[in-house]
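Note that the UniProt record's numbering has the sequence shown beginning at 1, numbered continuously upward.
Bear in mind the hints are in silico, worked out from the structure with no lab data behind them.
Hints may be right or wrong, so weigh each one.
Simulated pairs of lysine-lysine, DSS-like, Cα-Cα distance not exceeding 25 Å [to be verified]: (1) K131 x K32; (2) K129 x K149; (3) K66 x K95; (4) K116 x K129; (5) K32 x K129; (6) K95 x K131; (7) K116 x K79; (8) K66 x K41; (9) K131 x K149; (10) K95 x K41; (11) K66 x K79; (12) K14 x K149; (13) K41 x K79; (14) K66 x K116; (15) K149 x K79; (16) K116 x K95; (17) K116 x K149; (18) K60 x K131; (19) K60 x K14; (20) K129 x K79; (21) K95 x K14; (22) K129 x K95; (23) K149 x K95; (24) K41 x K60; (25) K41 x K116; (26) K66 x K32; (27) K14 x K41; (28) K79 x K32.
Here are the computed distance ranges between Cβ atoms for each label pair [to be verified]: (29) P120 x A29: 35 to 41 Å; (30) I125 x E76: 25 to 31 Å; (31) A29 x K129: 43 to 49 Å.
Glycine included, C-beta positions come from ideal geometry on N, C-alpha and C.
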Amino acid sequence: MEREITEVYYGNGKGKTTLALGQGLRFAAQGKSVIIIQFLKGKERRELDFLEDLDNLDFKIFRFEKMDTCYNDLNEQEKAEERTNILNGLNFARKVIATGECDFLLLDEILGLMDKGIAPVETIIDMLKQKDESMHIVMTGRWLPEALKPYVDSVTTLTTEITDQERE
Numbered sequence: 001m002e003r004e005i006t007e008v009y010y011g012n013g014k015g016k017t018t019l020a021l022g023q024g025l026r027f028a029a030q031g032k033s034v035i036i037i038q039f040l041k042g043k044e045r046r047e048l049d050f051l052e053d054l055d056n057l058d059f060k061i062f063r064f065e066k067m068d069t070c071y072n073d074l075n076e077q078e079k080a081e082e083r084t085n086i087l088n089g090l091n092f093a094r095k096v097i098a099t100g101e102c103d104f105l106l107l108d109e110i111l112g113l114m115d116k117g118i119a120p121v122e123t124i125i126d127m128l129k130q131k132d133e134s135m136h137i138v139m140t141g142r143w144l145p146e147a148l149k150p151y152v153d154s155v156t157t158l159t160t161e162i163t164d165q166e167r168e
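Work out the full structure, taking the sequences as your base and the hints as a guide.
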């Protein structure tokens, strides 16, 4: 069995989730199981749901947030409520890793949990320490804490450069 890695796609550029999703589709097309856990996106972001309907692919998508809008657009009381839901999602991710429930795990926008103070970096590190070598993990977000780097095998930084064409 091939040793699988832990990857991070981060930066201010567009396409982090799309890139990670492509990796997941590659795994699913090989008959492997894929779990996606999305954080900080709210219930309205359902553009990936069609993947669960594709025949012959083992694709599962989970979101634990209850509010319709994304986390950044919530008031303080709503954010407090949503933090509990997000932490439930984080506990689910920990369980998926500990039990080896899938071959490919996408933790979409998990890096934002550390950036927003919802989860400390130590929580994510402890989770990654439980990873079996047979599971491939991809984490996405805008910011990557230095303390997390020793626990990942590959870091891809996406940046978007505005050209003169786009400004017009």
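Hint by hint, here is what the structure shows:
1. K131 x K32: Measuring from Cα to Cα gives roughly 17 Å; hence the hint holds.
2. K129 x K149: holds, 13 Å
3. K66 x K95: Within the cut-off at roughly 21 Å; holds.
4. K116 x K129: Between K116 and K129 the Cα gap is close to 22 Å, so the pair holds against 25 Å.
5. K32 x K129: holds, 22 Å
6. K95 x K131: With a Cα-Cα distance of about 10 Å, the restraint between K95 and K131 holds, given a limit of 25 Å.
7. K116 x K79: Holds, because 11 Å separates the two Cα atoms, which is no more than 25 Å.
8. K66 x K41: holds, 10 Å
9. K131 x K149: Holds. K131 to K149 sits at ~15 Å (cutoff 25 Å).
10. K95 x K41: holds, 21 Å
11. K66 x K79: holds, 11 Å
12. K14 x K149: holds, 21 Å
13. K41 x K79: holds, 12 Å
14. K66 x K116: Given that 25 Å is the threshold and the Cα spacing comes to 18 Å, the pair holds.
15. K149 x K79: Distance of about 28 Å is beyond 25 Å: violated.
16. K116 x K95: holds, 23 Å
17. K116 x K149: holds, 18 Å
18. K60 x K131: holds, 19 Å
19. K60 x K14: The given pair, whose Cα atoms are some 23 Å apart, holds under the 25 Å limit.
20. K129 x K79: Violated, because 29 Å separates the two Cα atoms, which is more than 25 Å.
21. K95 x K14: violated, 29 Å
22. K129 x K95: holds, 12 Å
23. K149 x K95: Roughly 22 Å between the alpha carbons, so the hint for K149 and K95 holds.
24. K41 x K60: Distance ~17 Å between K41 and K60 Cα, so the pair holds.
25. K41 x K116: It holds: about 13 Å lies between the C-alpha atoms, which stays within 25 Å.
26. K66 x K32: violated, 29 Å
27. K14 x K41: holds, 15 Å
28. K79 x K32: It is violated: about 35 Å lies between the C-alpha atoms, which goes past 25 Å.
29. P120 x A29: 35 to 41 Å: Check passed, 36 Å falls within 35 to 41 Å.
30. I125 x E76: 25 to 31 Å: holds, 28 Å
31. A29 x K129: 43 to 49 Å: Given about 30 Å between the Cβ atoms, the range is violated.
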